[in-house]
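My request is simple: use the sequences and hints to build the entire structure.
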Amino acid sequence: MLIPYTWLRSYVDSELSPDVLAERLTMAGLEVDRVVYGKANLATGELDTWDGIVTAEIVWLEPIKGSDHLNATRVTTGDGKELSVVCGAPNIRLHDRVPLATLGAKVGGITIAEKKKMGVLSQGMLCSPRELGLSDDHSGIYILPPDTPLGVPLAQIVGEPVIDLDIKAHRGDLFCVTGVAREVSAFTGKELHLPQTALREKGTAANKLMKLEVRDADLCPRYTARVVRGVKIGPSPQWLAERLILAGMRPINNVVDVTNYVMLELGQPLHAFDYDKVADHTIIVRRADPGETLTTLDSVTRQLTPEMLLITDPAGPNVIAGIFGGERVEVDDNTTNLILEAAHFKPTNVRRTSVTLGLRTESSGRFEKNPDIELTAIAIDRAAHLITELAGGEVARGRLDFYPEPVTPREIPFLPSQVEWLTGMTVTRNECIENLQGLGFGVRDGGEGADEALLVTVPTWRGDVEESADLVEEVARIAGFDRIPSTIPVGPLPEPLPDDWFAREDRIRDILVGAGLTEILTYSLTNRLTMAKLLRGADAGEELLLTAPVTGADERDTGNATNGAITTTAASTRALERRQIEAIAERLPAITLRNPLSTELDSLRLTLMSGLLNTIRENSKHEDTGLWLFELGRRYLPTPELADGTGGAQERRTLGIALAGPLAHTWLGDDRDADFYDLKGIAETLLDGLMVARYRFVPAQHPTFHPGRCARLEVAMISDEAAGQSAGATPAEVIWKTVAVLGEVHPEVADRFDLSERTYLLEMDLERLFSVVPEVVKHAAIPRYPAAQRDLAVLVAADAPAAEVSETIQAGGGALVRDVRLFDVYTGEGVPEGKKSLAFALTYQAPDRTLTDQEIEKTQAAILSALRQRFGAKLRG
Amino acid sequence: MATELSEQELALADVRQRAVADLEQIGTTEDLEEWRTRYFGRERGEVSAILKGLGKLPPEQRKAVGQAANALKAELEGLMEARGQELRAAERLAALDRERLDVTLPGRRAARGHIHPISQTIRDISRIFRLMGFQTLDGPEVETDYYNFQALNIPVDHPARDMQDTFWVVPGQILLRTQTSNNQIRIMEQVRPPVRAIVPGKVYRHEAIDASHEAMFHQVEGILVDETCTMSDLRGVVTRFAREMFGANRKVRFRPSYFPFTEPSAEFDIDCIVCDGKGCRVCKYSGWLEMGGSGMVDPRVLRGVGYDPTIYRGFAFGLGIERIAMLRYGIDEIRLFSGNDLRFLRQFT
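Just so you know, the sequences run in chain order A and B. Residues in the first sequence are numbered from 1 upward in steps of one, following the numbering used here. Residues in the second sequence are numbered from 1001 upward in steps of one, following the numbering used here.
Think of the hints as simulated: they come from the structure by calculation, not from any bench. Among these hints, one or two may not hold up.
[Claimed, not checked] Pairs of lysine-lysine residues, derived as DSBU-like cross-links and limited to a Cα-Cα distance of at most 30 Å, are as follows:
| # | chain 1 | residue 1 | chain 2 | residue 2 |
| --- | --- | --- | --- | --- |
| 1 | A | 115 | A | 81 |
| 2 | B | 1284 | A | 81 |
| 3 | B | 1284 | A | 106 |
| 4 | A | 81 | B | 1278 |
| 5 | A | 65 | A | 117 |
| 6 | A | 39 | B | 1284 |
| 7 | B | 1202 | A | 621 |
| 8 | A | 874 | A | 858 |
What follows is the structure, encoded as structure tokens:
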């Protein structure tokens, strides 16, 4: 909202300078974006602000040899530097102060650039009044008074200040100069002078000249009209045109300009119709008929719906109420008789229509912010008066005023002590009364409760003030928020949190950063195709993206399909693969936005994997180490509530990890590309760090991963029944729950993501994980009796899972075996084909005694026997 | 007689002279051992031989020669010890010198990654508010129109909706939250006062992405409700926050503003951390940086969640996390946060 400073000052006696006023307005809650300086240019209808043109002094001047008129000058803007400028004007003298267009400034449509004239550098341009649009004078440079400050934008010297306010939506009363003036009056205590109208009516009564019919009063609670006859359309006088331009509007003709002027002055949008073009001189306010259209002044034909309100006449629609006019009944140069309209339309309806049509106008912006319904009569009188002053003619007697339910001003009981109760600042009862009265509120003793109670009448333009807290704000902001003290709350603290997810995620973050991983944060928005690229295989889809891996995955992969083709070219394979990805993408249960910014970001992610892989690829273009990344974020799964609009998504807190290449290059020769066991080790480190007692990795199949290098991470849950019975659950009562899938990215998937290196990926569901993370770890006594070490190397089948061998050792050894650690896996010389040697270090220890050799040997034998039975294992000699 | 030296005495003098001379030539502890054997060896050591020969001397000479021989033994042993110490020190030094490392070679670093600057900022914010008794909570991002707008006193068709362009999942019903303020309602619905919580998280706006605008960014919402707090406590809390985050002497300015869900409402600014309030490009020459919005929880909002606004008072505030991180780290391009370029991420802790 642009408020010209001098126009504002015409309503309030404030002596504050533009900058101080801007500061005071901001501190009263009317945020000033900036103070603009400019001059209304009547020729262009625009505000000249002369960006880049500043005041400068000529400090050196010499004619250029070989030129009959060019001078070389050096000028300064007072910053201690000098610029070389070539100038051809005859009137400049040493020490003249002049407007300097600096490099990049625009003068007469030309952008000033550095150039050479007659071999002399010119780093700017000195301007004439005509070049500046100040007058037609082009006889020489515009010479400024000798006391002009240097380095100041020219606009501040020759322009007028305009305060650019960011008015918030609830203050419909502030979208006009008088509204802002009222605020200034309130916080300065200076008197407010509202414009006075001395309207003289003549001749026939207006209601004999026209008819008014409001059919939809719910959308039009008030409609006021006047008739003005015998006007002469012409240009507005300079003072009015300048004010309009300063406020950002373009002058059109005296009648239209008056309606705009009164809108800017009082906040009431007005409309002028050509009386003689309105069919039957009858205004009908009604909802649009289905299928009705209106060609608006911008020559666009608008499709209307019955939710939209129209100003019509018996011949059809004329105006989309409160928003935009049509061509048929507009005022033109030959208009002599007018119907003036000042109405109040239902704000939400104006807003909805305006949003639907994508039409925002000065008028609709004001109507949707609920202007004062009492204003229509005041504004129409003001406009009729100004029109007769500027365009001649006479105002017909009387107003037509449809206003079936006049509003009664709201009354609010108010305790001045509420100001301190809510804000902590002390304000006296008298100050409350003064501040409220200054804003136009009526205040008298009364209300309920204490003696101090007041009864406050809310002016009709303050629809935003509904109750006591709103009055507290009014009192406090006029008093000044800088009077609010600064204290620390002393109230009681809330109960501790049961699930502190913030702390949980922070623990994970610390562990992973300590393991060398770097945290990334990708968009939660992605698209289905990107996610579908993770899924190999024609039948993959749906649940496959979720953390839970799918065993017995679909084997009819793309290979089989392409083998059937007669000619298999790389291109046709790609085309086929593309179709398969698209088919999967369609089936993904991703939540999709109805109004995405782009198709790239139209769906919420179902997985963190694609974001991780994309980040690996982008970074691999310039990094060859440290592509060890993780992300903590949510996956968004659909729910039935979401589908019917009653609830949100299932937002699963998730950890994703991706590794590719070496963690770092060193001179020590220990560089190594990431492999499966790095990833698994990180998972193990994490689980150990979170004190997860029992977990295991199980070979798995998943459409994203290498079939032989994929595992499911399971944690042991104690079943409810078992947990209820005793602390130590037996293995039979353990339920293994999948919390993560991890593995090497399948080469086909890697190709789709343009990954150049083997990449390892993990996705973990944190809500499942934290169901087994203990709140606190119980201490166990340090063993008092010595431990004994025994090694055990056995030959087993090459494909026997080491974890199962280890579990068998633990189970066979029972309570005496405290620890089983695999320390060597060997195939090759001395080991038969199809076999491998696994060497374990066993730690024997009992809590209550020193174990004897006999006990240990007996246990070793039992272990070996169990291994023999289960794996056909042989002791390796 | 007294001036005439005995044969033995001459022999002792000779041994001494040679032993001392030899000792001076010795360069290693091994040679020293050889020297010891030569003079003190049980079998063939020269000093040992003299001592052994004492018995054969006439008794009148035995005492004098014996004393002289023992004195020589003690002297030579003393010299040997001293020489031995010197040699061992020199040899240790030489051995250590052979182990000399180039200490300027890079160390064998323990693996250490980097926390994303947004996470780090949230962590710091959370720590500061924890000092003041605030818990850190979270809430849903896919949200109903009710929690994101209506319960916050922003009915359908309210012009305030223009301030927050919305991504819709189900138009008019389900959206991506445009502000973390949705959690004000969710928290107050779940617990009775006292409430002291902050809620950091992602928010979404349907806005064109450029150097200072993202369609997804982070906010932190704070809320405190009890029977005693006032706007001065709000001011104290945000002032403390600003000083913990941006330096002990920061000035905080409160300006009246408008949010549909607070009354009175205030925006708070801090004096520019770049120019200390003198005016610069970062603060657009105003001397102030906008920090966030705040206010006393609107009585309509309190009633909506079943809190009696004549008993309970509350305040709420919201901060932009990217903005805080950009100011702290001197970042002028918001897209760096979602760009995940390691050259950027490695610059942080």
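30 Å limit on alpha-carbon distance, applied to hinted pair residue 65(A) and residue 117(A): Holds. Residue 65(A) to residue 117(A) sits at ~11 Å (cutoff 30 Å).
Just to be careful, I want the Cα atoms of residue 81(A) and residue 1278(B) compared with a cutoff of 30 Å; is the pair within it? Within the cut-off at roughly 22 Å; holds.
Please work out if residue 874(A) and residue 858(A) have their alpha carbons no farther apart than 30 Å. It holds: about 17 Å lies between the C-alpha atoms, which stays within 30 Å.
Hinted pair residue 39(A) and residue 1284(B), Cα distance within 30 Å: holds, 23 Å
Pair hint outcome, residue 1202(B) versus residue 621(A) [Cα-Cα no greater than 30 Å]: holds, 29 Å
Keeping to a limit of 30 Å between CA atoms, is the pair of residue 1284(B) and residue 81(A) held or broken? Given pair residue 1284(B), residue 81(A) holds - Cα atoms ~24 Å apart, limit 30 Å.
Sort out whether residue 81(A) lies within 30 Å of residue 115(A), counting only the CA atoms. OK: residue 115(A) and residue 81(A) at ~19 Å, within 30 Å.
Can you confirm whether the C-alpha distance between residue 1284(B) and residue 106(A) stays at or below 30 Å? holds, 23 Å
Checked against the numbered hints above, the structure violates none of them.
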